[in-house]
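> Chain residues, written in single-letter form:
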Amino acid sequence: MIKITELEKYYRTEEVQTIALNKLSFEVKQGEFVAVMGPSGCGKSTLLNILGLLDDPDGGSFIFNGIEVAGFNERKRANLRKHNIGFVFQSFNLIDELTVFENVELPLIYTGVRPADRKARVHEVLEKMQIMHRRKHFPQQLSGGQQQRVAVARAVVNNPKLILADEPTGNLDSSNGNEVMDLLTELNEAGTTIIMVTHSEHDAKFSHRIIRMLDGEKVTENILVNA
Amino acid sequence: MLKNYLKVAWRNLKSDGTFSVINILGLSMGLAISILLFMFIVREKSFDQMYAKKENIYRVLLHREGNHGEETWASVPAALAPAVKQSIPEVEKTARLLKHDFGGSAFIQANEQDFVETGLYWSDPEILNIFEVDYVYGNPVSPIDRPNTTLLSKSAATKYFGNRNPVGETIIVDNDKTLEVTGVFEDLPENSTFDANVIASFSTTNFSKNPSWGNASFETYFLLSPSTIPSDTEQKIQHILDKEMAPEDQWYSFTLQPLAKIHLYSAGITDSYSSRNGSITEIRNLSLLALIIMLTACINYMNLTTARSQKRTKDVGINKTLGASRKALILRFYIETGFITFVAILLGTILSILVIPVFNNITGQNLNFNIIFSFQFFMAFIAIWILTTLVAGSYPALYLSRFTPRKAMYSSSSKGSIASVIRQGLVVTQFSVSIILIISVLVIHNQMEFIRNKNLGYNPENVIAISTMAAHSGGNKNTIMNNFKVLPEVSEVSMAQGFPGVDVSGRSLYKDNATNGSTNIKTNKAEASTTEVLKLQMLAGQTLPAVKAEGDSLTDVVLNRQAVEFLGFTPEEAIGEKVNMQLGNNAYIRGVVEDFNFSSLHEPIGAYAFHNYNSEYEKFLLLRFNSSDIPATLEKFEKVFKETVPDSAFEYTFLDKNLEKLYASEQQTARIAMLFSILAIFVACLGLFGLAAFTAEQRTKEIGIRKVLGASVVGITRLLSADFIKLVFIALLIAFPLAYWISERWLEEFAYRIQVNWQTFIVAGVLALLITFATVSFQAIRAAIANPVKSLRTE
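Going down the list, the sequences are from chains F and Y. Letter by letter, the first sequence follows residues 6 to 232 of the working numbering. Letter by letter, the second sequence follows residues 6 to 800 of the working numbering.
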């Protein structure tokens, strides 16, 4: 599903150029659950942004679903993104001014789904995430775990083929964290490909495969059989 | 500590470039305008303050019942001053002023050259005891006591005689009176209501011989002894009147107006000779506008500072944690504001000096920047600085310093917070004001266009009026008219006492039986072709006869429709009727013309008559010309005129140009209102721009999330602009009724006026929305095209 080859990304300030990704290559197959690990600043988030079509690589190739997307412009990337990719962030990134329902509905609005269908779909997802009773609340009124459920609900509402999770349990206590990991596992078992960046060895064990990174390069790849 | 505060203030200023520029630019523009207005107001308030006896100087006002309610004149009968002087001891000095030709210009021959003088006053000698003048040359004891003597101002003397001492020389006025120059005085200051260039002895005029109680054409000043109560003097004047005439003959009463009130509080008072009239209403309106602009700038400052408070709250939190008291923080924010307002005031002062010429040009004022170096200005500078600092700085200082350390460091303000509600309220206020200003400017503009294009009932275009005052003693009007009639450029020639737009004589028109009532009528001694030159529409009968035989005792009259309707005739019935209108005993109606606007559109059309009674002079040669080469035509006219009337200066006016002068004060008001409105809107836009930038910044995260989820640039732009557009709609709701009320009040002053129509409101609304959208969308688009990754990174 995803194949990156010799991917490069630099960050420039006035004085220094930092290499975030240094000729990174790997492949992720449909239905896989991959964890990316590494110390702060190793390029994990940069990688996730590029995989999520939020950012452009400076070099190398990125084939998504058989299409080369490395040179795509903003509009093409946005189009591909909103139909295929869901995001889960460490800090949830819910919009404070919108209710739970409205937050989850947002991706459907942007993909042009009709209002009646949107309502049905949002309700379905909220049921599944067990936060239906909270649909009229604002994010600030929810606990961290509940907020992350909303974020996951929003990520999956469009039935994306790929979910990118950036330290999804980073702001949660262990029981809430486990719940979120269970949710992701369920989604993966239902067929969704998941790539997750994490610091937590515990969380990484939920995945099929761990890619370890250092200074923008892949160091090792462990395949976990009994995830 | 102070040094530390200033250092932090400076760094904040530098780090937030856009906000600082908007704050300082907005404030300094507001201040520049305030400084200009301050200078203007100081000048207006300084009028007549230079006269040592100013406390005891009064002008006599005449009150009478006119056709449209009470009238107040600044001119009174010539008999009043001598009578008062004789019998009221506390009136120490009296002086009558008659501007030459009842407010016209004089032709002066001096040093064998011809000049036109617009500032010649015939005056009693005591005027020099009331308004004291400084002498350059001459004998200050009794310079204008005798007939045929005159004083010249320094500039008049220089104009006529060059730099030499002209005392003992003579000048000739209108080819008629020869006056001896007895002294030269320093020019009266620009802020003196008394604006004479030449002060000639009143005893030279015929009016001094048998002063009458009938002709009220003399501006009269009294100097009262100190501690006199003016109302007592007014009563004594009434006693004099009661002695002089029976109560039914008293068509007027008198009051005294203190000198200090003359310049600014003379609205509605007519027949004043000075050209330097101020208006307290104008000062009030301009002050209000200046205040609005200043407030707008202050609101900008408050809005932007509180908007930025999120950046500053952390700073406040840390300071509080480290032990800063609330008082210290308040002081700090005031110092920071004071620093910015100081910079703004300096810039504003420089800006105001730079725009003085522009301001003078647009407003017809004559300000100069010397006043900036006065103590008065310095005090005002300090006052404005403190006031602006307090107004602009209070909200941020009190708001930001209130945060508890914990809240300051960890809270994130949400959309519905009190601060943002206040901010929105302030934006709505600013926009309401801007919209009111836009509508006002449109209404003023429309009314001015309406006046310009209104069918006046006559055609003022391509008509020139040449003054023939110097000709009446020797010149022959037929010769003059014939000499011009032969010119190919001239299609019609006439002579008349006056023309629409200048004042003619006032008389009373009586119904057949005088007890049935009378009305005021304007009468114009004219030649037959005047109706043709003006292109008036004849309704019945014919114009005045071309020739009036010597010794013919009949008077012919051409009335307008208003006049015959007052008499109760149709135009046809009126022809041949005898009419009693103080034009002798044998006046008959010969023709009737359709009504035309002979004075400004402020007044409804009244009764008007052309006549050939032998009373007034025909002071103007009226020419309808058909050439488009104005300079060449004028040159030719001047040549013919000089040949026909030697020893006369060529003074002329175009009828349509003269008409514009009637609306000069409205035009000026319109220009000032326009200028200030544009500035006010600009300052409001600056604030809006800053606020939009802030909103975009505040919603960076939300924009990022929405973009990640697939929002388009257009969608984001719309999202950000919508909030502001909503505020504009609220402002429109507030502004419309207010603007309507203000416009109606202004238009009430015109007898002929436009109706305030809905199109004006639509235009203003669309304009406000466009301006808002243009201002806001720049920021919105910038936020929308930003990379979402960056915005999500700002955790």
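Please note that a few of the clues may not be correct.
To be verified - Below, computed lysine-lysine pairings styled on BS3-like, alpha-carbon distance capped at 25 Å:
no.	chain 1	residue 1	chain 2	residue 2
1	F	Lys81	Y	Lys59
2	F	Lys141	Y	Lys12
3	Y	Lys59	Y	Lys12
Stated by the list, open to error - A few chain F positions that, by computed beta-carbon distances, are all more than 12 Å from chain Y:
no.	residue
4	Met6
5	Glu11
6	Gln22
7	Gly57
8	Leu59
9	Glu79
10	Asn98
11	Asn108
12	Leu113
13	Met137
14	Leu147
15	Gly150
16	Arg159
17	Glu184
18	Asp187
19	Glu222
Simulated from the structure, these hints should not be mistaken for laboratory data. Glycine included, every Cβ here is placed at the ideal spot set by N, Cα and C.
> Honestly, which of those hints from before does the structure not fit?
1, 2, 3, 7, 8, 9, 10, 11, 12, 16
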